[in-house]
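> Those protein sequences? They're chains B and D, same order as listed. First residue of the first sequence? That's 0 in numbering that gives the first Met the number 0, and the numbers climb one at a time after it. First residue of the second sequence? That's 0 in numbering that gives the first Met the number 0, and the numbers climb one at a time after it.
Since the hints were derived computationally from the structure, they do not count as laboratory data. Treat each hint with caution, since some may be false.
EDC-like cross-link-like pairs, simulated, lysine to aspartate or glutamate; straight-line CA separation at most 20 Å [said to hold, decoys possible]:
| # | chain 1 | residue 1 | chain 2 | residue 2 |
| --- | --- | --- | --- | --- |
| 1 | D | Lys443 | B | Asp140 |
| 2 | D | Lys445 | B | Asp70 |
| 3 | D | Lys365 | D | Asp402 |
| 4 | D | Lys434 | D | Asp465 |
| 5 | D | Lys443 | B | Asp70 |
| 6 | D | Lys443 | B | Glu75 |
| 7 | D | Lys443 | B | Glu74 |
| 8 | D | Lys456 | B | Glu141 |
| 9 | D | Lys460 | B | Glu75 |
| 10 | D | Lys445 | B | Glu189 |
| 11 | D | Lys445 | B | Asp34 |
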Amino acid sequence: MASKRSLRRKKFNKYKDSLKFAFYCCTHPIDGYWDLTHEKRGTMAVANTILFATVLMRILSLKYTSFIFVDINWEETNILLYIGTIVFPLALWVVGNWALTTLADGKGKLGQVYMATCYGMLPYPIVQLFLMIFSNGVTVDEAGFYTTVGTITLVYCAILIIVAMGQIHEYRAGKNLLFTLFSIFAVLVEVFILLLFFSMISQGIAYIVSLVKEMLFRI
Amino acid sequence: MKKKFTKVIALALCTMLFAAVPFGVSAHADNSYTYNYDYWGEFTDSPDAYAVGAVITAADLGIETNFSKPQSVAVFDDIIYVCDTGNNRIVLLERVGETKFKVIKEVTEITGNELNTFNGPTDVAVSEDGNIFVADKGNKRILKLDSNWNYLMQFDKPDDASLADSSDNFDFAPSKIVVDTAERVYCVADNVNKGLIKYENDGTFSGFVGATPVTYNFWDWFWKHFASQEQIEKMANFVPTQYDNLYMDNEGFIYVVTSKPTEEDIKSEAATVVRKLNLLGNDILVRNGSYAIYGDLYMGTGGKKTGPSRFCDITTLYNDIYICLDRNRGRLFGYDDQGHLVFAFGGTGNMDGYFNSAVSIDHIGKDLLVLDENDGAITLFVTTEYGRLIYDAVDQFDLGEYDKAENSWRKVMELNGNYDLAYIGIGRSLLRQKKYEEAMEYFKLKHDAENYSKAFKQYRKQWVEDHIVVIVVVILILFLVPMGIGRLKRVKHEIDTADIFQL
Chain B
0 MASKRSLRRK KFNKYKDSLK FAFYCCTHPI DGYWDLTHEK RGTMAVANTI
50 LFATVLMRIL SLKYTSFIFV DINWEETNIL LYIGTIVFPL ALWVVGNWAL
100 TTLADGKGKL GQVYMATCYG MLPYPIVQLF LMIFSNGVTV DEAGFYTTVG
150 TITLVYCAIL IIVAMGQIHE YRAGKNLLFT LFSIFAVLVE VFILLLFFSM
200 ISQGIAYIVS LVKEMLFRI
Chain D
0 MKKKFTKVIA LALCTMLFAA VPFGVSAHAD NSYTYNYDYW GEFTDSPDAY
50 AVGAVITAAD LGIETNFSKP QSVAVFDDII YVCDTGNNRI VLLERVGETK
100 FKVIKEVTEI TGNELNTFNG PTDVAVSEDG NIFVADKGNK RILKLDSNWN
150 YLMQFDKPDD ASLADSSDNF DFAPSKIVVD TAERVYCVAD NVNKGLIKYE
200 NDGTFSGFVG ATPVTYNFWD WFWKHFASQE QIEKMANFVP TQYDNLYMDN
250 EGFIYVVTSK PTEEDIKSEA ATVVRKLNLL GNDILVRNGS YAIYGDLYMG
300 TGGKKTGPSR FCDITTLYND IYICLDRNRG RLFGYDDQGH LVFAFGGTGN
350 MDGYFNSAVS IDHIGKDLLV LDENDGAITL FVTTEYGRLI YDAVDQFDLG
400 EYDKAENSWR KVMELNGNYD LAYIGIGRSL LRQKKYEEAM EYFKLKHDAE
450 NYSKAFKQYR KQWVEDHIVV IVVVILILFL VPMGIGRLKR VKHEIDTADI
500 FQL
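All chains, full assembly: derive it from the sequences and hints.
Next comes the structure, spelled out in structure tokens:
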């Protein structure tokens, strides 16, 4: 009994530690992302937490950002689509990056690519939270700050993710950048394949449906 | 295995069920005669701002020959000039009752010139001094006549090299004219694509006004480096400006409309179809509306009509609300001085209030006169209660009677809860009455970020002034508490490590 409790506490401490470490990674990316996998300081739980926070902030900012910046027609809004704008590219990126780097001496595993990418996204939910609150206290004339900070955050996140990839795969800078470009290309290929796949599937379903309909007519 | 099979069957049944639901369930009600667009560009029904007062034909006026292809109706000093182009005459009318009109005279000839008849007159303008100007299109001249229709002078084909050498057989065909207070004449002529022709009052041609400024595009510049000579010629960045009609408002600004741009250019806002020209010919039209000023937002095919609204005439009321006439769908679009769509109504057809080929519009007071070329009829539109309330609200706001304006807008809102302008109008009135918080609410409801910011700025200032004590206290606490704790810790540390307490 006692050991079970201590195990849970240990796990929680590990979680707390790696969450703190995520913040450390934001400010010391090269050092941080190396330790993430090599020193096993990152955890899947924290990666999931960051992803959840990102998605949550994306949705919250739709509703609570001042309408000056984010103007949503709720009658035509699909929340799932907004969740998709984060989860879907993430999934494509992780798979695309992993698939390519495995072929080119990349040391990172699929799970590690996912974890490192999620760690790299951390600035987004934090800055978005502040921007969301901030946006309700400004006028159109002061909108420049909001958009600038928003853009800088995105760029910073991108840099973090690229650096993280380099560290977990043990790539040099040049190779890392090259494979970043390749990964983006891989994402495009994936999109193409998925489109193909879905159109095939929908045609297949349509075929079966019409077949069943036809049969029902005859019976 | 069996379980799986039932699942498949269930799935198939579900699919069929969904497929069986008809898609066009919602029955679409007939759209109202008057309409507007909301912030999202959705078509919204509206009460009528104008109602048909009368449809006036030549027969109603007691004239023997019917109007034949009349091209223009113009109002100056409450006298209505109808250019009966096909009959080479100008008919002067007078409004004698709410919906009653009387012929003052029919003018078919002038005195003082050997060519004393008109040949297809297309427009009339009257100067402040009472001189009458007629665009005598068939005779290739603009006539200047005194108030008794005596010939004074004429304006001929402009003496300009660009008109002469571009085509030798250039026919000067002045179709629409306006005259300013100094009796300078601005003219729209067929096949002139450099803007308006401007004449000084002594008849000399002084240049073109209001051509589209040539813009430079990075990509044009980029591609020119790779293009062949023929390709470069095709890319020639000459933006033709061929206006259809013009109107001079009481401040001397010229409103012009054109129906020439392509659908793509209009949609992408690369071309503007309505402009307000100042003395220099620059476009100073305010475009603060949610949508660009080009009439109907939807250009799809319907009722044998397709493409964008094609504005053929424009008139500006005393309160800077201007109404554009769309000859494509026979509709009228009223915009306010900020570029918001105030109302839109009309259509094609043979009922009163619908047109076959609307060509010209002018106003008499707040009421509108629209001339239909093929019907040879003038339709008089009179304001309804709804329309009058809107105009009252605009006027009261302009006069600075903001509480009254607020009231009028509230009445408008009672009649039309879907009317964005009513909300924004209430908001603007509240803003001027320093009721910032309330104003913000109205602007927020209709997504007016600019006005919302104006109200919010004041509200924020007031809030800070009211809560300055609290703010200072909070800031002090935020700074002092951590500092105090730090100091306490330091003192404690010094005591703990002090020599006298060390044993």
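> For a C-alpha distance cap of 20 Å, please report whether Lys443/D and Asp140/B respect it.
Holds: Lys443/D and Asp140/B sit about 17 Å apart, inside 20 Å.
> So if I understand the rule, the pair passes when the alpha-carbon distance is 20 Å or less; does Lys443/D with Asp70/B pass?
Between Lys443/D and Asp70/B the Cα gap is close to 10 Å, so the pair holds against 20 Å.
> Is the hinted pair Lys445/D and Glu189/B satisfied, with a Cα-Cα distance of at most 20 Å?
Roughly 41 Å separates the two Cα atoms, so the pair is violated.
> Is Lys443/D within 20 Å of Glu75/B, Cα to Cα?
holds (19 Å)
> With a cut-off of 20 Å on the C-alpha distance, tell me whether Lys365/D and Asp402/D pass.
violated (23 Å)
> Do the alpha carbons of Lys460/D and Glu75/B lie within 20 Å of each other, as the hint requires?
violated (36 Å)
> Run the distance test for Lys443/D versus Glu74/B: straight-line Cα separation, threshold 20 Å.
Holds: Lys443/D and Glu74/B sit about 17 Å apart, inside 20 Å.
> Within a Cα-Cα threshold of 20 Å, do Lys434/D and Asp465/D meet the stated pairing?
holds (15 Å)
> For the pair supplied as a hint, Lys445/D and Asp34/B, confirm whether the alpha-carbon distance does not exceed 20 Å.
The given pair, whose Cα atoms are some 52 Å apart, is violated under the 20 Å limit.
> Tell me if the straight-line CA distance from Lys456/D to Glu141/B falls inside 20 Å.
Roughly 11 Å separates the two Cα atoms, so the pair holds.
> Quickly compare the C-alpha distance for Lys445/D and Asp70/B to 20 Å and report which way the hint goes.
holds (11 Å)
Of the numbered hints stated above, those contradicted by the structure are hints 3, 9, 10 and 11, listed in ascending order.
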